[in-house]
Amino acid sequence: MTSPAKGMSRYECMKLLGARMTDDALVILSLGGSVDEWYDAAPHMRDASLFQQQLGCVTPEAFGLAVGLPHRRIVSLDTDGGLLFNLGILATLGNEQPPNLFVVVWDNEQYQSIGGPRTHTAAGRVDLAAIARGAGVEKAFTATTLEEFDAHCAAGLAATEPYIVVAKTDGILQPGIRRKHSDGREDKYVFVRHVEAIEGVTIMGPSEHN
Amino acid sequence: MRADAVEAVLRGLRRAGVSVATYLPDSLLKELYPALDADPGIRTIPVTNEGEGAAIAGGVFLSGKRAVLVMENSGLRAATEHLARMGLGAGIPVVMIMSYRGELGENNWWAIPHGITMEPLLNALRMPYRIVREVDEIERAVVDAYAWSYSAYHHSAVVLGGGLVR
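Heads up: the protein sequence lines correspond to chains F and R, in order. Add 206 to the 1-based position in the first sequence for my numbering, that's all there is to it. Add 976 to the 1-based position in the second sequence for my numbering, that's all there is to it.
To be clear, the hints were calculated from the coordinates, so they are not data collected in a lab. All C-beta atoms in this analysis are idealised placements derived from N, C-alpha and C, irrespective of residue type, glycine included. It cannot be assumed that every hint is accurate.
Only some residues are given here: those of chain R computed to face chain F with a beta carbon under 10 Å [claimed, not checked]:
id	residue
1	VAL1023
2	GLU1057
3	GLY1065
Sample of chain F residues facing chain R (criterion: CB under 7 Å; computed from the structure) [said to hold, decoys possible]:
id	residue
4	GLN260
5	CYS263
6	GLY270
7	VAL273
8	GLY274
9	ASN292
10	THR298
11	GLY300
12	GLY390
13	LYS394
14	VAL407
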């Protein structure tokens, strides 16, 4: 007999987060199952979300976006595997203190997209929120219930300093959801055109001669 | 690094519209980092490794601002994973300025791998680059790197070598 799954449903967490957001905010998210889940859980955020396949790049890219757009709320949807790949970004966030960056770490204690081998958080000793606090991000917390997670989303989306919530999730992919069909290149164009529209800027403009 | 070379890099970055610099400092460009810190038009972000610096620069690109990643050429090895995913996978460009450790004239045994691996890695990533050894070529090289990267939406590099950095 298998034991019941531990942790929250990531999909339910995403619905709570999405309900608190409009496409005035911008999202960078990680690879794996969370891509299709966010695509379905927050359809109003599709154009405002950069769907990528970049282990270790997600929170650094979101921080770069936050530096470039200091007046806008930026959300990083990272993962345990992705953050563990580049823990140094936590020290950079601790030093730089971006006031507009909210980081959610989906911690399902496994590399889910390749079948579920455990990550370093699975043994129960590695505490990503504690590492973040030790790196100088004082507002770094772990959420184990939907109520806690929702409260951290409210606080993180309104914070004026970097805010991290590590969401302990159950590793169960939401069944029956629609798959995203586009690749990273198409997703980048969609995202950049959205940023251009809401910021009134040109990022990828015309060539000298058309 | 020669003072006139530092000034030429800053002129190039200004002409290219760069307002953010991520860096992991090295010895050959050591005079450049405080000059970047002191430039009122540039926000500098020291990083823990060059891959992180590349990813931050990629995020800055997505905001509509322009960034540069400054490092020793050994940083290219640390950043290759991030550069491959962003550049070859999504077309998110990063412009780099790097020192040429390990070129002819190198007198440190530990720097020899940096010279041997740099150009094969640049070519593996399909990144055009210009190796500059004269001060009067620096500014144009930096401006040209941005022109190319913002047409190709891929990475490019300016490598500072020879008497510029020794």
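Hint by hint, here is what the structure shows:
1. VAL1023: Holds, about 6 Å.
2. GLU1057: holds (7 Å)
3. GLY1065: Hint holds; GLY1065(R) Cβ to chain F Cβ min 5 Å, cut 10 Å.
4. GLN260: With Cβ-Cβ at 4 Å, under 7 Å, it holds.
5. CYS263: holds (4 Å)
6. GLY270: holds (2 Å)
7. VAL273: The hint holds - VAL273(F) has a Cβ within 7 Å of chain R, the shortest such distance being about 6 Å.
8. GLY274: holds (2 Å)
9. ASN292: Holds, because the Cβ-Cβ distance from ASN292(F) to chain R comes to roughly 6 Å (cut-off 7 Å).
10. THR298: This interface hint holds because 6 Å falls under the 7 Å limit.
11. GLY300: At 11 Å from the nearest chain R Cβ, GLY300(F) fails the 7 Å test, so the hint is violated.
12. GLY390: Hint holds; GLY390(F) Cβ to chain R Cβ min 4 Å, cut 7 Å.
13. LYS394: Hint on LYS394(F): holds, closest Cβ of chain R at ~5 Å, below 7 Å.
14. VAL407: At 4 Å from the nearest chain R Cβ, VAL407(F) passes the 7 Å test, so the hint holds.
The structure is inconsistent with hint 11 alone, although it conforms to all the rest.
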